[in-house]
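Number of protein chains: 2
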Amino acid sequence: MKTSIPTSLRSTVLRKIKPTSKEQEQLSGIVSYLIEKIDATASELGLSDVFAQLVGSAARGTWISGTHDLDLFITFPEHTSREDLEKIGLLIAREITKEADIWEERYAEHPYINMKFKGFDIDLVPCFRVSSAASIKSAVDRTPFHNEFIKQKIVGLEDEVLLLKQFMSAGGIYGSELKTHGFSGYLTELLVIHFGSFGNVLNAGCNWHPGLVIDLEGHTILKHNDPLVVIDPTDPKRNVAAALSINKFSKFIDICRSFFENPAEEFFFSPPVYPLNDIEIMERINLRKSSIIAVVFKTPDIVDDVLYPQLYKMEQSASALLEQHDFTVFKTGSWAGEDSVVLLELESSIIPNVKKHIGPPVWLRKHAEAFKSKYKGSEDVFSMYIEDGKYVVDIQRKYPDARLLLKSRLSKCSLGKQLTSSVTEGFEVLEGADICRIIDVDFRVILRNLI
Amino acid sequence: MKTSIPTSLRSTVLRKIKPTSKEQEQLSGIVSYLIEKIDATASELGLSDVFAQLVGSAARGTWISGTHDLDLFITFPEHTSREDLEKIGLLIAREITKEADIWEERYAEHPYINMKFKGFDIDLVPCFRVSSAASIKSAVDRTPFHNEFIKQKIVGLEDEVLLLKQFMSAGGIYGSELKTHGFSGYLTELLVIHFGSFGNVLNAGCNWHPGLVIDLEGHTILKHNDPLVVIDPTDPKRNVAAALSINKFSKFIDICRSFFENPAEEFFFSPPVYPLNDIEIMERINLRKSSIIAVVFKTPDIVDDVLYPQLYKMEQSASALLEQHDFTVFKTGSWAGEDSVVLLELESSIIPNVKKHIGPPVWLRKHAEAFKSKYKGSEDVFSMYIEDGKYVVDIQRKYPDARLLLKSRLSKCSLGKQLTSSVTEGFEVLEGADICRIIDVDFRVILRNLI
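Chains as they are written, first to last, in my numbering: chain E, 1 to 451; chain F, 1 to 451.
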């Protein structure tokens, strides 16, 4: 059974997300102006084989109204040295920034420039013009091939892509950056091309299973161990969906099914989530009767793609530390603003002083005698007895309080380079009502879904 | 390396536990008097083939000074009917009780009489005189065979048996009744015969492993799954040590080793254990910071061999109930006086209201949709989310308080017939300081080793 998208809903949504002619003209104007300017600057430097290319959704007609992101690549011949590419690429880009409102140099595999210009957010990225996507010299070199492939295949399907991107954004699963682990723009475009329409993608999604392989060009396939494998038509070794997590993959299945149960506009424009106020925080803590702990520290000055993996790693490391010491961790979450917060929900932040430590069977004489002489008469031992044929000691637990455990041991955990520095400089461990001291609105919004 | 028992220690202990000549004469006098009386009574009934036999430690010279227990068997020819044995056996026994201070009828496999007479505790037990221990008609028929075997082999080793019994008593492992699960008198005698001396038994014990088989007569052996197997020389199918638990077996190994480290009188006469007073109870509870719970109910009027297995079963059932509901049980214990107490030490008697309930993977559509529709919008659900590709709900826990769980569910657990009745009539659940309301001295003694 295949279910269709109500026509009126399609139109209502498209009316809101499809760029107007005026918006499109404005964008085209800016793009032409900048391309000419880059090409002219290259010419002036005597580089007739260096020129600009627009890539990304703006180039493919798959951008959503109101988003003003442009990716302008400054392309160099394949034989250019990496050093020249970086040096001359930045030289040209900096010439362009003279008209920018603000700009800064950023670093991925090599440096590029981000600038704000007439309300647009523009990346100026030097890259090599290689002969095929399989022989790229830098990750960004792949983008022009994606661009060519999509431009050829997407004609007539642009609206389908807009709908799918909007649907995924509202569901919190759009974006392949390491903060989100969701669907990239290129991936949504390939899904639309493969399935033929927005409705077809959603119908398929209802029945997806992990291990699904989509191979548009019938390429030979390398084995990938990801929930979803979409073979890159421009580079058959690459899985376009490699960044997609099992949870975002599952969430997509979930919202596809929910959508068909009740196809409504809220699946495209999710209602705003309000920050929790102090009273709501206290109510929720009292209702759950678990222990909610926040580890708070200064956010290091690094890009999200470096920061978020480290935050997720800290969630894992802090949980592992707590569970090693017999605490039960229910749930974790993290948030980053000026400060960063790793939130941990425990069954209880206080556990008994006494800990049962099980030793060797009595009949294994050497081990048994070593165990007994180690613990006999020790100050930390409440009592020693035999259970199931084994020596058991009730001993004093070293860390019966989770906050003290985190305070004394967290900075020694495996946390990632920059978070280790930040945590080593100092951090706070807040519990229960004290969490209300974190007043940042974005944190309070996130908190609503965590507790 | 074999270690010997210091001679002076042997003498000191034997001086205290070996019956004096006067004590022995007194016992012999009583025994002769009662045997003659039983035989005469049988004769008067025209039963010349029914006569009395002394069995047990008194018959073998292996009784400890101060213990005044006599087992007098009224033996009937093998062809007697069970009905006649019971009827006539009790008739003769009741004639003897005419001189008793007090007496009562008791029941094992068939009825017998227990009486107090001139400071002795005497069992008058009817039994069949069968041709071999392998062809017994009732469990007690085996005893005369044990008696014959030991009487022949024990000559010269009586002191060794006394020392071993005393050593095991002080260690809390003597007695094969279902309260103790320790070593029976017959078992200690066989161990002395097999190893040759008290010291040899202890030397061997230091290195025992579960699965040890001792076969004095070199009989063919049935496979037994007990920690210690001692083939009954009078009935090769039977393991004399079948009642011995792994913990009492291990405890014996433990005290054998401790004894040789420091051979002292305290291994034969353990220092008295004083009852905990209220202040000590509170101090220990505050030190451990665990939750200590006592289930208190009226002790049913049944013999220890029926009561204790049911108490141990209740410890298990109550623990299982608590652990099913996510409580962590550290330790259990039980005690019976006028009231019975099952003691449970928990990590915490209060756990969070919220409970994480993990559902099916999102991609298993049928299960996933059933799970989602079951919990969506339910009052008990705090939130629903996806974790590791599975639906998860945070739901309201039904029993966040262990006391309320026990109150409402304990009587439905598998508890044994008489304890079910007793608990159904009513029970209390005490926690922490309230445990001081149990003032029985014996309970307070037991408590010292539990918390």
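Check each hint, because a few of them may be wrong.
Remember, identical chains collapse to one label, so a pair may be satisfied in a single copy or spanning two.
[Claimed, not checked] Capping the alpha-carbon separation at 25 angstroms, the derived lysine to aspartate or glutamate pairs in DMTMM-like fashion look like this:
1. K356 x E323
2. K289 x D401
3. K153 x E86
4. K356 x E315
5. K289 x D326
6. K118 x D401
7. K390 x D339
8. K289 x E379
9. K116 x D215
10. K137 x E105
11. K398 x D326
12. K374 x E261
13. K374 x D84
14. K390 x E315
15. K137 x E78
16. K356 x D326
17. K289 x D380
18. K366 x D304
19. K16 x D141
20. K372 x E78
21. K251 x D380
22. K390 x E261
23. K356 x D401
24. K179 x D388
25. K116 x E280
26. K223 x D339
27. K289 x E323
28. K417 x E315
What the hints contain is simulated information worked out from the structure, not anything from laboratory work.
We went through each hint and held it up to the structure:
1. Taking the shortest alpha-carbon separations for K356 and E323, both the intra-copy value of 15 angstroms and the inter-copy value of 16 angstroms come in at or below 25 angstroms.
2. When the C-alpha separation of K289 and D401 is checked against a cutoff of 25 angstroms, the pair qualifies both within a copy, at 16 angstroms, and between copies, at 12 angstroms.
3. When the C-alpha separation of K153 and E86 is checked against a cutoff of 25 angstroms, the pair qualifies neither within a copy, at 32 angstroms, nor between copies, at 101 angstroms.
4. In the homo-oligomer, the alpha carbons of K356 and E315 lie at most 25 angstroms apart only across protomers (18 angstroms), although the nearest pairing inside one protomer, at 27 angstroms, exceeds that limit.
5. For the homomeric pair K289 and D326, the shortest alpha-carbon distances inside one copy (19 angstroms) and between copies (15 angstroms) are both at most 25 angstroms.
6. In this homomeric assembly, K118 and D401 never come within 25 angstroms of each other (Cα to Cα): the closest approach is 55 angstroms inside a single copy and 63 angstroms across copies.
7. Taking the shortest alpha-carbon separations for K390 and D339, neither the intra-copy value of 49 angstroms nor the inter-copy value of 31 angstroms comes in at or below 25 angstroms.
8. Proximity of K289 to E379 under the C-alpha cut-off of 25 angstroms is restricted to the inter-copy arrangement: shortest distance 17 angstroms between copies versus 34 angstroms within a copy.
9. Taking CA atoms no more than 25 angstroms apart as the test, K116 paired with D215 passes in neither setting, with 38 angstroms inside one copy and 94 angstroms between copies.
10. Proximity of K137 and E105 under a CA criterion of 25 angstroms is satisfied intra-copy only: 21 angstroms inside one chain copy versus 99 angstroms between copies.
11. For the homomeric pair K398 and D326, the shortest alpha-carbon distances inside one copy (11 angstroms) and between copies (23 angstroms) are both at most 25 angstroms.
12. Within a single copy, K374 and E261 get their C-alpha atoms only as close as 64 angstroms, which misses the 25 angstroms cut-off; across copies the closest is 15 angstroms, which meets it.
13. When the C-alpha separation of K374 and D84 is checked against a cutoff of 25 angstroms, the pair qualifies neither within a copy, at 67 angstroms, nor between copies, at 63 angstroms.
14. Within a single copy, K390 and E315 get their C-alpha atoms only as close as 36 angstroms, which misses the 25 angstroms cut-off; across copies the closest is 19 angstroms, which meets it.
15. Taking identical chains as interchangeable, the C-alpha atoms of K137 and E78 lie at most 25 angstroms apart only when both belong to the same chain, with a minimum of 8 angstroms there against 102 angstroms between chains.
16. Within a single copy, K356 and D326 get their C-alpha atoms as close as 11 angstroms, and across copies as close as 18 angstroms, so both meet the 25 angstroms cut-off.
17. Proximity of K289 to D380 under the C-alpha cut-off of 25 angstroms is restricted to the inter-copy arrangement: shortest distance 14 angstroms between copies versus 31 angstroms within a copy.
18. In the homo-oligomer, the alpha carbons of K366 and D304 never lie at most 25 angstroms apart, since the shortest distance is 54 angstroms inside one protomer and 38 angstroms across protomers.
19. For the identical chains of this complex, K16 and D141 are neighbours neither inside a copy (33 angstroms) nor across copies (97 angstroms), given an alpha-carbon limit of 25 angstroms.
20. In this homomeric assembly, K372 and E78 never come within 25 angstroms of each other (Cα to Cα): the closest approach is 72 angstroms inside a single copy and 54 angstroms across copies.
21. Taking CA atoms no more than 25 angstroms apart as the test, K251 paired with D380 passes between copies only; the shortest distance there is 23 angstroms, against 49 angstroms inside one copy.
22. Taking the shortest alpha-carbon separations for K390 and E261, only the inter-copy value of 20 angstroms comes in at or below 25 angstroms, while the best intra-copy value is 58 angstroms.
23. Taking the shortest alpha-carbon separations for K356 and D401, both the intra-copy value of 17 angstroms and the inter-copy value of 22 angstroms come in at or below 25 angstroms.
24. Taking identical chains as interchangeable, the C-alpha atoms of K179 and D388 lie at most 25 angstroms apart only when they sit on different chains, with a minimum of 17 angstroms there against 49 angstroms within one chain.
25. For the identical chains of this complex, K116 and E280 are neighbours neither inside a copy (39 angstroms) nor across copies (74 angstroms), given an alpha-carbon limit of 25 angstroms.
26. In this assembly of identical chains, the alpha carbons of K223 and D339 never lie at most 25 angstroms apart, being 41 angstroms within a copy and 68 angstroms across copies at closest.
27. For the homomeric pair K289 and E323, the shortest alpha-carbon distances inside one copy (19 angstroms) and between copies (19 angstroms) are both at most 25 angstroms.
28. Proximity of K417 and E315 under a CA criterion of 25 angstroms is satisfied intra-copy only: 15 angstroms inside one chain copy versus 51 angstroms between copies.
The earlier numbered hints that this structure contradicts are 3, 6, 7, 9, 13, 18, 19, 20, 25, 26.
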